[in-house]
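Since the structure of chain G is already known, use the hints to place chain B on it.
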Amino acid sequence: MSTQSILIENGRVVDPSQQLDKTANLLIANGKIVGIDVAADDIPDGVQRVDATDKIVTPGLVDMHVHLRQPGYEEAETVATGARAALHSGFTSIACPPNTDPPIDSQAHVALIYELAASARQCNVFPICCISKGREGKELAELGILFESGAVACSDDGSSVEDSELMRRALEYCKMFDKTVLCHEESTPLAKGGIMHEGYVSNLLGLRGIPAEAEDVMVSRDIALAESVDAPLHIMHVSTEGALASIRRAKSRGVKVTAEVTPHHITLTDEELRSFDANFKMNPPLRSRKHVDACIEALVDGTIDVIATDHAPHSVEKKLRELDVAPFGIIGLETALPLAIETLVDSGLLTWSQLVEKMAFNPSQILRISRGTLQPGVDADVTIIDPNLEWIYTRAEIRSKSQNSPFLNRKLKGRAVMTIVSGEIRYQL
Amino acid sequence: MKWTPENWGDVPSGWTRSHLLGLEDLSVDEITILLDLADRFRREILDSPDNFRKLPLLSGKTIVNLFFENSTRTSTSFGLAGRRLGADVVQFSSSTSSVSKGETVVDTAKNIQAMGIDAVVVRHSCPGVPRLLAQNLKNCAVVNAGDGAHEHPTQGLLDILTIRQHFGSLKGLTVAVVGDISHSRVARSNIFALLKLGATPIVCGPSTLVSPHWEEFGVEVNYSLDKILHRVDVFNLLRIQFERQVVRPFPSILEYAHLYAMNSERLQQCKKDALIIAPGPINRGVEITPEVADGPNSAILDQVTNGVAVRMAVLWATISMVQKNAEKSLSN
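Line by line, the protein sequences give chains G and B. All residue numbers for the first sequence refer to our numbering, where the first residue is 1 and numbers rise by one. All residue numbers for the second sequence refer to our numbering, where the first residue is 430 and numbers rise by one.
Bear in mind the hints are in silico, worked out from the structure with no lab data behind them. Since we're looking at a predicted model, the values are computed, not measured. Any given hint could turn out to be false.
Below, simulated EDC-like cross-link-like pairs (lysine to aspartate or glutamate); rule was C-alpha separation at most 16 Å, straight line [said to hold, decoys possible]:
hint, chain 1, residue 1, chain 2, residue 2
1, B, K625, B, E453
2, G, K318, B, E532
3, B, K539, G, E317
4, G, K318, B, D536
5, G, K256, G, E317
6, G, K175, G, E142
Computed far set for chain G versus chain B, every beta-carbon distance over 10 Å [to be verified]:
hint, residue
7, D37
8, Q48
9, E148
10, N203
11, R208
12, P232
13, E241
14, A245
15, K251
16, S275
17, N279
18, G302
19, Q375
20, I392
21, Y393
22, I425
In this text, a Cβ means the ideal position worked out from N, Cα and C, and glycines have one as well.
Excised from the complex, chain G in its bound form (with noise of 0.2 Å):
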C-alpha cells in the first residue's frame, strides 16, 4: 500500500459498479480510492497529478484465467513473469487455475502463490485450487481449509469433471462457502485425440476433430447439476454456439450460471488451422465462423458475463513441434484489451461500460473479491487505457516468459498506459 496520493484528471471515467460514465477527477489516498470530483479542499498537499485527458480511467482489469505454470512448469512462466505481463496489459488482478505439477490442491500450495506474488510486487493473484484431489477427478480436495487459506474458487481446468456424481457434490460442497465451481467443459471421450474443431476445415486437412458437442454436452450436464442443487457455477472459455444456447436458456430460468469467452475465440476461426501453425492449437479449439459470431452475439446479450484470457505459455521448443503434439493453448494477456477494442468497442458492439463490465467488474464478483470498482473506500486498483494508441504487437513487447501467440506483429490499437494497483502506479507506458 503506498500512502501517496494521486489524482487522475480530465479521464473519461468509467466505472458500472457505479454507473458512471463522464469526464472526471479520479482521487487516490492511502492506497484507497477516495472518490470522483472531490472539492479542492479535501485535496491532499503534494498530491501526484496524472493528465488522463483523452484516456479512459476504469477499475482495475481483472482477468480470471491466467496460467502461471508455477511450479512445474517455469521454463514457460512464473507468477512474477506472468503477473509482470498482466500488468504492462492493465490488469491490476489476475486468478491463477490449479493445473500445475503438483496441482493446487493443498492449503501450503495457495500460500506459494500468495507468497510469490508479494514478493513479485506486480499484480495481484488469486490462486484458484482443484475441485478434485490431484485433479484427478476422483475424490473432492480439502476445499474448506482451501478456501479458508485463500482459493478464491475451484476448478479442475485442463480436464472436465468426468464422473456426474463427483461434479454435483463439488456443486453442492461449494454453495455452503459461498464459492463458484468454474468448469472447463469437454466430453473426454468425443475429444480424444482431437486437434482442432470438427467440421469442414479439420476434413480438408485431415486433422482429428474435437467436436462442437464435446463441449455441449457437458455444458448441458453442469447447468443440470447446477441448477438441482441451487449453486453457482461457471463456464470457462465457452465457443460453442450450443453451449451459448444452454447458458442463455438456463439464465432465463434463474440458473446461477455465468460464462466466460476468450478474446481469440471472439477474432479467430478455424481456418487459421490451414497454416498448421501450432499458434493456432488450443483448447478448446478455434471454431468455424457460425460458432465465433454465436460468442460475439452472446457477449452482446449478455449470455457471456465475462472475458479471460486463458493465457497459457508454453516454451518455444514446446511449440515448435509437429502439431500433433505440440501442447494447446496461447498466451493472451497482452493482446487481450486491443483485441476487446478492436472486436467490441470500436464495432460498437459493447459500450465501454459494458466493456468494464467483462473484463474486471463481473469477474470480481464471480470470484468473490472486492475489485473491479471505483467505489469509495476500496482498494485502489486503476487502469488508464489509452483507447487510440496505434501499435504493434512484437517480440520486444512481450513481457510473458513465452511467445506462444498467433496475434505476433499484428497491428493494434489501444492500450493501458498505466496500472495502479493499491494506490501504486506499478507501471506507466
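Then chain B, alone, in the frame of chain G:
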C-alpha cells in the same frame, strides 16, 4: 531415341515451385505439367529399351528419404525415381534417428541439411510436417510423401496419371473413392486433383468414415457402393487405415467387406470398361477380392510403375527450381 540430359530439355517454365506439399494448392496447369512430365518419363525412359531406365538429370544431387512412418513401397519408389535420375538417395527412418530422443522434426531436418542435401522426401504421421520443413529449410526441395491423413500428392498424381492413360482425359469421368475417407491422405489428394481436372468424384464408405462436410466441398457423398456401381468409371479402393483410427468405426471387417468389397458380383454390375485402382498395400478380401485385383479391369500394377515416373517428374521439377533459385540469388 537415346536421351541425355543435354537433349532432354528443361522443366517447363510454368513450373515455379521448389516444394510439392500437396495438390490442393496446385493449378490445373501445374498438375498437367507434372502429369505430362511423368508420362514422358514413363514412355521414354522406363518403358524404352534404349535408355536402360536411366536419365541422369539429377546427377550429383543428394536426396534424403526422411520417413517418420513405416513405408516400403513409397520409399522404394522415391528411391528408385531418384536413382533413375542419377541422384544419390539416402534412407532415414525414425527408428534409427534421435527422434525417439525427443528431437523436433525441424532440428532433425536442419541436421540433415547441414550435411548438404538437395531434397527431402518426407513422410510423417502428423499433417503439416512437410510445410513445417519447407518453412525451415533453405535451398532444399521438400516433397510430401504423405502427412497423416492430409495429403499424399505423388500418390494422387499417379492415380490420376493411370486414369488419364486409360481414358485419355479426366474430363467428365465419374471417379468413386471408396472406403476409409476420413483417415486417407490418398482420398484428399485425389479429390483435390479430380475436381480441378474436371472429373466428378464420389466419396463412398461407411457414414462413420465419410464426413458430410465433403458435400460443402462440392463432392457427392454416397454410403452405398451398390447404388453407384452402374454410373462409375473409376473405382479407387482405399485401404482401411486401422493405425489411424482412435475408435473402431464399424462393427467388423466381415461387415465392411460385405458392404464395400469390390468382388466379381459387384464388378458385373459396373460399366464394362470400369477401371479399378488401389493405392496399396491392398488387403485382399477386405476392400478387394483377388479375382478383381488380378482381373482385366485392374490397373493396380500399372499404378506402381507410374509411381516411379511421377516421382521422377516431381523430384526433377522441384530440385531444378531449387537450383534455379540458388543461381538467381548468387547472380543478384
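So, going through the hints one by one against the coordinates:
1. B:K625 <-> B:E453: Since the Cα atoms of K625 (chain B) and E453 (chain B) sit roughly 9 Å apart, the hinted pair holds (cutoff 16 Å).
2. G:K318 <-> B:E532: Roughly 11 Å separates the two Cα atoms, so the pair holds.
3. B:K539 <-> G:E317: OK: K539 (chain B) and E317 (chain G) at ~14 Å, within 16 Å.
4. G:K318 <-> B:D536: Given pair K318 (chain G), D536 (chain B) holds - Cα atoms ~12 Å apart, limit 16 Å.
5. G:K256 <-> G:E317: violated, 42 Å
6. G:K175 <-> G:E142: Holds - the C-alpha atoms of E142 (chain G) and K175 (chain G) are around 14 Å apart, at most 16 Å.
7. D37: For D37 (chain G), whose nearest Cβ neighbour in chain B is about 57 Å away, the distance exceeds 10 Å, so it holds.
8. Q48: At about 50 Å from chain B, Q48 (chain G) clears the 10 Å cut-off, so the statement holds.
9. E148: holds, 42 Å
10. N203: violated, 4 Å
11. R208: violated, 7 Å
12. P232: holds, 35 Å
13. E241: E241 (chain G) clear of chain B: closest Cβ-Cβ about 17 Å, beyond 10 Å.
14. A245: holds, 22 Å
15. K251: Answer for K251 (chain G): holds, closest chain B Cβ roughly 32 Å.
16. S275: violated, 8 Å
17. N279: It holds; N279 (chain G) is separated from chain B by about 12 Å at its closest Cβ, greater than 10 Å.
18. G302: Non-interface label stands for G302 (chain G): nearest chain B Cβ at 33 Å, farther than 10 Å.
19. Q375: holds, 51 Å
20. I392: holds, 22 Å
21. Y393: holds, 21 Å
22. I425: holds, 43 Å
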